[in-house]
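Chains as they are written, first to last, in my numbering: chain D, 1 to 395; chain W, 1 to 395.
It should be emphasised that the hints constitute simulated quantities derived from the structure, not laboratory data.
This structure is a prediction, so every number in the text was calculated from the model and none was measured.
Please note that the accuracy of each hint is not assured.
Treat identical chains as interchangeable: a pair holds within one or across any two.
DSSO-like cross-link-like pairs, simulated, lysine-lysine; straight-line CA separation at most 30 Å [as the list claims (entries may be wrong)]: (1) Lys77 with Lys254; (2) Lys41 with Lys254; (3) Lys76 with Lys254; (4) Lys357 with Lys119; (5) Lys261 with Lys41; (6) Lys69 with Lys254; (7) Lys9 with Lys357; (8) Lys157 with Lys322; (9) Lys115 with Lys90; (10) Lys254 with Lys393; (11) Lys261 with Lys76; (12) Lys90 with Lys9; (13) Lys157 with Lys347; (14) Lys115 with Lys357; (15) Lys9 with Lys119; (16) Lys119 with Lys76; (17) Lys41 with Lys76; (18) Lys90 with Lys357; (19) Lys298 with Lys157; (20) Lys9 with Lys347; (21) Lys9 with Lys115; (22) Lys296 with Lys157; (23) Lys90 with Lys393.
In case you want the letters, here they are:
Number of protein chains: 2
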Amino acid sequence: MCSNEKALKGIRILDFTQQLSGPYASMVLGDLGAEIIKIEKPGGDDTRTSPPFLNGESAFYMSMNRGKKSIILDLKKTEHQQIALELAAKADIVMENARPGVMSRLGLGYNEIRKSNPKIIYASISGFGQNGPYRDRGGLDIVIQAMSGLMSITGEKGGRGMKTGSSISDMFSGCYAAIGILAALNYRNISGEGQYLDISMLDSTIAILENFINDYCVAGVVPEPAGNRHTGLAPFQPFETLDGEIIAGGINNKLWESFCKALGLENLIEDERFLATAQRLANIDVLAEMITEKTKTKTTMEWEQLFDTIGIPYGTVNTVDKVIKDPQVAARNMIVEVEHPIAGTFKMAGSPLKMSKTPAVANTIAPILGQHMREILKDVLGKNESEINRIIKDE
Amino acid sequence: MCSNEKALKGIRILDFTQQLSGPYASMVLGDLGAEIIKIEKPGGDDTRTSPPFLNGESAFYMSMNRGKKSIILDLKKTEHQQIALELAAKADIVMENARPGVMSRLGLGYNEIRKSNPKIIYASISGFGQNGPYRDRGGLDIVIQAMSGLMSITGEKGGRGMKTGSSISDMFSGCYAAIGILAALNYRNISGEGQYLDISMLDSTIAILENFINDYCVAGVVPEPAGNRHTGLAPFQPFETLDGEIIAGGINNKLWESFCKALGLENLIEDERFLATAQRLANIDVLAEMITEKTKTKTTMEWEQLFDTIGIPYGTVNTVDKVIKDPQVAARNMIVEVEHPIAGTFKMAGSPLKMSKTPAVANTIAPILGQHMREILKDVLGKNESEINRIIKDE
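Make a model of the complete structure from these sequences and hints.
Below is the structure:
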């Protein structure tokens, strides 16, 4: 698992995105070795002002923009639009997440850029997509979680729909953008042709509703929040213990039998109310009560040890402090530490892309605003010193 | 947006995965044009028994396995292991999501398959990864959502941690597997070399905790469920209306001013308790009360129209029945319909991969168990009729 090779070696991405959806996508591609040139407006990506801060540097910005190069362009200025166009001519991929139409109005849409770079792969990420009645609406993560139906299936049984804590509509659209870009790259490797990608947060969130669409379209049931129970298998949910709770159960007949035996509830195995998943689901309330009578008699740790021995899946609700210290998380190198020149020591999530020849590299440092302006203008565009000085003075 | 080209044309995936994480990943790659040969155990993927059903066919199975080819192999039998090995020799990619070690014991691990096919890209998806103290534990979605910290940040303020309704740890790991596979494919296009991918559900879920890791590591705060409020911006949350609620707010100073004006709360713009995001966050309780006084005076639809006119992001919590009928969802072709030979007319989520040259194709039909056995044995492995008949009789 040790190599200096990069899966996306030599791929240059011109990244106009800000906030989360786009920067998450380019972070993933950057971890894989692509060069990410991040265009920031004067003042920088909005997330540079997101708390918490380390010596004035936003931890959120640093964790989503690691390993990128930052240049400042004011895209309202004609000269800076021109610089962006020149950079796009030298890029493999362009990414943007402005509202639909904005990039075209700046002369930086797909149709403008493909003129000088017909092989360009151009990916737009938006809240609702480039077409349709809502195309011009703002797509904050919570709005998309609400409108996609995802909130309506999350929360306590009988309670209101809940937002998932982290901004998963942003991040699913980021993952889909990365998938689309990489697929387009494969196609370009074969055909020599670039293309345009239109990724939306709403589409991406509808694509993860899985069986809930079937519940309505096939079974005619409008799905509601179901608490912390598995909705298709039973029993599998949190049960009260002597000192807390444990999430466990038997998700097929074999594990159901082991689970009953572990609890000393062998009598339930032959009970006709619980013979198969469908019956256990239908009678889950009474079943859960009988299980809880037993789970309450031992501590969470005692149950963990027992379930571990007999191979029953289990877990507990970890808070983030416990996650950071978890030995499995450490073994997987999923919390990485970097030394930032201003912020100092800084921890963030690693990459889940564990690849034997081209492992993703996550322990990289986010740029200071405009840090790579001089380097990019010189090395990518071949500007001379006096041009560069004029452009930078002009910013 | 109309083309018969496929981004992954000519790519063959031998897919040993079942349940959700792996099948979701291969569905995404199949939508992009890869040929997916799904190996099913006798009786088929466990999800073939997941309700709801249409004429006995599982809607869940059909929506996650569209466009794939199904063959039945009993991997406990030496001859069937041999067939799987022969197929792997003719594949570009192998995918599996058994518990770590199982595929090697069957003679179908990466080290076995690379012997006959050194360019193979081999992706394992597991609950906790191929190494570390928890590697052998079962990784159900709810267990991973709990152990990753994601549940601890989801739910009502002051309430217990909640599971996100759909199985997003399965699907994030599926997306990461697709990303890793496509990145490995790009590397193989350049270098001619295959590799091994070790994707875990826990890693993938930790990778989407975004600012919550910073809240603890930088600010020293153990994050808790925060209800349906945006945690980093204010105001942005559901507000009560005359006949329901609306999610809206002002997420930067400009939108905050517009929002105040729309509500007739101009006096708040200069109020020093609400001058910037940090202050509005700190004083959100009193602010939310003042806003609700106003939002309660009009219907949700009236507010929607007003916010639409002045460009303020807004939304409501849609249930799945409303999502299916939403005009934006229709405009984006995000609910597709197919005619299944047994199940009949069937609706499922479309693909968010809207690509101009190689659009993903989602309206494809899932296989009957073993439907492509004969075809694959003949066309891929070149078996003759009598061999095929013997193998099929042997099943």
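So, going through the hints one by one against the coordinates:
Taking identical chains as interchangeable, the C-alpha atoms of Lys77 and Lys254 lie at most 30 Å apart only when they sit on different chains, with a minimum of 22 Å there against 67 Å within one chain. Taking identical chains as interchangeable, the C-alpha atoms of Lys41 and Lys254 lie at most 30 Å apart only when they sit on different chains, with a minimum of 17 Å there against 59 Å within one chain. In the homo-oligomer, the alpha carbons of Lys76 and Lys254 lie at most 30 Å apart only across protomers (18 Å), although the nearest pairing inside one protomer, at 65 Å, exceeds that limit. For a Cα distance limit of 30 Å, the shortest separation of Lys357 from Lys119 qualifies both inside one copy, at 28 Å, and across copies, at 12 Å.
With identical chains, the CA atoms of Lys261 and Lys41 are at most 30 Å apart between copies only, with a shortest distance of 28 Å across copies and 63 Å within one. In this homomeric assembly, Lys69 and Lys254 come within 30 Å of each other (Cα to Cα) only across copies, at 29 Å, whereas the closest approach inside a single copy is 53 Å. With identical chains, the CA atoms of Lys9 and Lys357 are at most 30 Å apart both within one copy (13 Å) and between copies (24 Å). Proximity of Lys157 and Lys322 under a CA criterion of 30 Å is satisfied in both settings, with 27 Å inside one chain copy and 20 Å between copies.
Taking the closest pair of Cα atoms, Lys115 and Lys90 come within 30 Å of each other only inside a single copy of the chain (13 Å); across copies the shortest separation is 40 Å, beyond that limit. In this homomeric assembly, Lys254 and Lys393 come within 30 Å of each other (Cα to Cα) only across copies, at 28 Å, whereas the closest approach inside a single copy is 71 Å. For the homomeric pair Lys261 and Lys76, the shortest alpha-carbon distance between copies (27 Å) is at most 30 Å, but the shortest distance inside one copy (70 Å) is not. In the homo-oligomer, the alpha carbons of Lys90 and Lys9 lie at most 30 Å apart both inside one protomer (15 Å) and across protomers (27 Å), since each shortest distance falls under that limit.
Taking identical chains as interchangeable, the C-alpha atoms of Lys157 and Lys347 lie at most 30 Å apart only when they sit on different chains, with a minimum of 27 Å there against 36 Å within one chain. Proximity of Lys115 to Lys357 under the C-alpha cut-off of 30 Å is restricted to the inter-copy arrangement: shortest distance 16 Å between copies versus 36 Å within a copy. In this homomeric assembly, Lys9 and Lys119 come within 30 Å of each other (Cα to Cα) both inside a single copy, at 17 Å, and across copies, at 19 Å. For the identical chains of this complex, Lys119 and Lys76 are intra-copy neighbours only, at 26 Å inside a copy versus 48 Å across copies, given an alpha-carbon limit of 30 Å.
Only within a single protomer do Lys41 and Lys76 lie at most 30 Å apart by alpha-carbon distance; the minimum there is 10 Å, versus 60 Å between protomers. Taking the shortest alpha-carbon separations for Lys90 and Lys357, both the intra-copy value of 27 Å and the inter-copy value of 21 Å come in at or below 30 Å. For the identical chains of this complex, Lys298 and Lys157 are neighbours both inside a copy (27 Å) and across copies (29 Å), given an alpha-carbon limit of 30 Å. In the homo-oligomer, the alpha carbons of Lys9 and Lys347 lie at most 30 Å apart inside one protomer (26 Å), although the nearest pairing across protomers, at 41 Å, exceeds that limit.
Taking the closest pair of Cα atoms, Lys9 and Lys115 come within 30 Å of each other both inside a single copy (25 Å) and across two copies (27 Å). In this assembly of identical chains, the alpha carbons of Lys296 and Lys157 lie at most 30 Å apart whether taken from the same copy (22 Å) or from different copies (26 Å). In this homomeric assembly, Lys90 and Lys393 come within 30 Å of each other (Cα to Cα) only inside a single copy, at 24 Å, whereas the closest approach across copies is 59 Å.
This entry satisfies every hint, going by the numbered hints stated previously.
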